[in-house]
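Novice: Just so we're aligned: the sequence shown equals residues 4 to 372 in this note's numbering.
It is worth saying that the hints were derived from the structure and are not from the lab. Take the hints with a grain of salt, since some may be wrong.
Once the Cα atoms are required to be at most 20 Å apart in a straight line, the calculated SDA-like pairs of lysine to any residue come out as [unchecked claim]:
hint: 1; residue 1: LYS38; residue 2: TRP91
hint: 2; residue 1: LYS51; residue 2: PRO94
hint: 3; residue 1: LYS38; residue 2: ALA267
hint: 4; residue 1: LYS77; residue 2: GLN104
hint: 5; residue 1: LYS208; residue 2: GLN220
hint: 6; residue 1: LYS75; residue 2: GLN104
hint: 7; residue 1: LYS100; residue 2: ILE127
hint: 8; residue 1: LYS21; residue 2: LYS77
hint: 9; residue 1: LYS168; residue 2: GLU139
Here are the simulated distance ranges between beta carbons [claimed, not checked]:
hint: 10; residue 1: ILE361; residue 2: SER169; range: 24 to 34 Å
hint: 11; residue 1: LYS107; residue 2: ILE356; range: 36 to 46 Å
hint: 12; residue 1: GLN220; residue 2: LEU22; range: 54 to 64 Å
hint: 13; residue 1: LEU152; residue 2: ASP76; range: 17 to 27 Å
hint: 14; residue 1: SER54; residue 2: SER169; range: 27 to 37 Å
hint: 15; residue 1: ASP358; residue 2: GLU253; range: 32 to 42 Å
hint: 16; residue 1: ILE361; residue 2: GLU253; range: 30 to 40 Å
hint: 17; residue 1: MET167; residue 2: SER303; range: 21 to 31 Å
hint: 18; residue 1: THR29; residue 2: ALA252; range: 49 to 59 Å
We put the beta carbon where it would ideally sit given N, CA and C, even for glycine.
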Amino acid sequence: MLSPIRQYVLLRHPVEAKLVQELQLTYFRFAEMGKTEPGHDNFLVNRKEMSKIETNMESILLEALHEQHDDKDKVIEACLNYTWFLYWNQPRVEVIKETVQVAKESGSTLLADCHKRHGQILEILDQYDQAATAMENAKLEYAHIGNPLGVAQCLQSLGEILLMKSQYEEAEVKLDQAESQFEIIGNHLGAAQCLQSLGNILWMKNQYEEAEVKLNQARSQFEIIGSHLGAAQCLQSLGQILLGRNRYAEAKLQLNQAKSKFDAIGDHLGMAQCLDELGNTFQAQGQYQQAQVAHEQAKSIFTTIGVPLETAYCRTSLGTALRHQGHYTAALNEFQQAREIFASLDYTKWIEICDEEIDLIPLPHENKD
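Please put together the full structure from these sequences, using the hints given.
Specialist: Written out as structure tokens, the structure reads:
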């Protein structure tokens, strides 16, 4: 869909086809900036530049996507680059859904990449069942065209989705398969990422010492490879494990280090997650005002990015910090907002937790707000 002003102008002052094509090619080149991710040298600069032209870029890319083109794959590739930019900033599925459909209709060689990108965005939006379907479709396409790296990456993503769904044994199987394929191919980054996820599974299974070993191994590999993002994520997980073991000073140290790394490479989601966990660390020590500050900062970032589940978890923690300080009206609002999000996602357990927290709030006449 064209932006309203551009549509109005074009209807009254048609542009020559040659000029339209040149404009599209210019934006295809701009879209290449979206290929970077946190930790890459140009990520912060590229994100800033793309943010300035995001609205026009999306309009032009979608217009080109539905037009006749001699090289449709060039248009699809530009859309893939643009949706990777969205993934790291404000993930949404509209553009990639249209791209997948056009790739199917045109018989594009990039169909597997489109399915994978669709799955990645759905996963970060916590839509795990749909993400798994997209990743399975991508895996089949990669197998069909003989791309073992693509198959391994899909197995890795499927394992991570199962991890998020607390299906740990099935997740381990997928991740072990992916790690083996990455090692055969010689993809050290993929192997380290699988090791990291396997460490996270051990953590979820309360096998803390084994988890720390795996995560430290993964962190070392990331540092050797030069993956600042992977190293920061391992620090984050190690901090969360230390928090779970009541080693608060060490947890704060690891989480602050991870937060600084995420900030330096421009990963806003990772930074917000660390802030939220730091808030939980303060709460565990009864430092509710400091917890409130950390949770509010995290909530602001989560809301801006547009990740509902992370926002709901954060609101629940913030509500608890507010309740402990006697700010009952504000606490009630946070729990109610969180409950609405959990209800929309059908997270029954967390709906019940919100209800329990709401029941702990005193009657209005006892409110300190």
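Novice: Each hint: holds or not?
Specialist: Hints versus structure:
| no. | hint | result |
| --- | --- | --- |
| 1 | LYS38 / TRP91 | 10 Å, holds |
| 2 | LYS51 / PRO94 | 16 Å, holds |
| 3 | LYS38 / ALA267 | 18 Å, holds |
| 4 | LYS77 / GLN104 | 15 Å, holds |
| 5 | LYS208 / GLN220 | 18 Å, holds |
| 6 | LYS75 / GLN104 | 13 Å, holds |
| 7 | LYS100 / ILE127 | 15 Å, holds |
| 8 | LYS21 / LYS77 | 17 Å, holds |
| 9 | LYS168 / GLU139 | 16 Å, holds |
| 10 | ILE361 / SER169: 24 to 34 Å | 25 Å, holds |
| 11 | LYS107 / ILE356: 36 to 46 Å | 41 Å, holds |
| 12 | GLN220 / LEU22: 54 to 64 Å | 55 Å, holds |
| 13 | LEU152 / ASP76: 17 to 27 Å | 19 Å, holds |
| 14 | SER54 / SER169: 27 to 37 Å | 36 Å, holds |
| 15 | ASP358 / GLU253: 32 to 42 Å | 34 Å, holds |
| 16 | ILE361 / GLU253: 30 to 40 Å | 34 Å, holds |
| 17 | MET167 / SER303: 21 to 31 Å | 24 Å, holds |
| 18 | THR29 / ALA252: 49 to 59 Å | 53 Å, holds |
The structure is consistent with each of the numbered hints, conforming to all of them.
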